[in-house]
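**Student:** Under the working numbering, think of the first position of the sequence shown as 1, with each following residue one higher.
Since the hints were made in silico from the structure, they are not lab data.
Predicted model, so just to flag it, every value in this text is computed and none were measured.
We treat Cβ as the ideally placed atom computed from N, Cα and C, and that holds for glycine.
Be aware that one or more of the hints could be misleading.
Pair by pair, the computed Cβ-Cβ distance ranges are [what the hints assert, rightly or not]:
| hint | residue 1 | residue 2 | range |
| --- | --- | --- | --- |
| 1 | Leu105 | Lys80 | 14 to 24 Å |
| 2 | Ala91 | Leu37 | 51 to 61 Å |
| 3 | Gly42 | Ala8 | 16 to 26 Å |
| 4 | Leu16 | Tyr106 | 50 to 60 Å |
| 5 | Ile40 | Val94 | 31 to 41 Å |
| 6 | Tyr68 | Ala28 | 41 to 51 Å |
| 7 | Ile40 | Leu101 | 36 to 46 Å |
| 8 | Met4 | Ile40 | 47 to 57 Å |
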Amino acid sequence: MEDMDQQANKKMKRALLLLNSIFLAIGACGGPMVMRLYFIHGGKRVWLSSWLETGGWPINFIPLLITYLHRRSKEGSSAKIYFMERPVFIAATVIGVLTGLDDYLYAYGVAVLHSSPYQPPL
């Protein structure tokens, strides 16, 4: 019985890996095209597109905030904001800020250059 559970668990992990790979491929190909279309059709908000490019920043923040507030209502003011060791938290913060800066510069470049720089001139 336990062998069947392990086999089913292995199949589930492979199916989820395949699904994740498909979503990643669609996002990696479609994301830059959608951002380019946004700016071509009059989009002006560089901050919004850079936030969305940074891992869906405003969208991911909402569930994290809800779980923190729920935990704080149960544990009181002793609830931790994060569960990592301080050096790991600082390193993740620095990497996140640098990624955000990179995404902002990319979105600014897409807003200024409406055509791809890889296209040969006509």
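**Student:** With reference to the structure, classify each hint as holding or not holding.
**Tutor:** Verification of the hints:
1. Distance hint check for leucine 105 and lysine 80: the Cβ-Cβ separation is about 33 Å, which falls outside the suggested range of 14 to 24 Å.
2. For the hinted restraint 51 to 61 Å between alanine 91 and leucine 37, the CB-CB distance of approximately 35 Å leaves it violated.
3. One distance hint, 16 to 26 Å for the beta-carbon pair glycine 42 and alanine 8, is violated here, with the actual separation near 50 Å.
4. Checked against the hint of 50 to 60 Å, the C-beta distance between leucine 16 and tyrosine 106 comes to roughly 29 Å, which is inconsistent with it.
5. Distance hint check for isoleucine 40 and valine 94: the Cβ-Cβ separation is about 34 Å, which falls inside the suggested range of 31 to 41 Å.
6. The beta-carbon spacing between tyrosine 68 and alanine 28, approximately 30 Å, falls outside the hinted interval of 41 to 51 Å.
7. At about 24 Å, the beta-carbon gap between isoleucine 40 and leucine 101 misses the expected band of 36 to 46 Å.
8. Methionine 4 and isoleucine 40 have their C-beta atoms about 53 Å apart, which keeps the hinted 47 to 57 Å range intact.
In the structure shown, a violation is registered for the earlier hints numbered 1, 2, 3, 4, 6 and 7, in ascending order.
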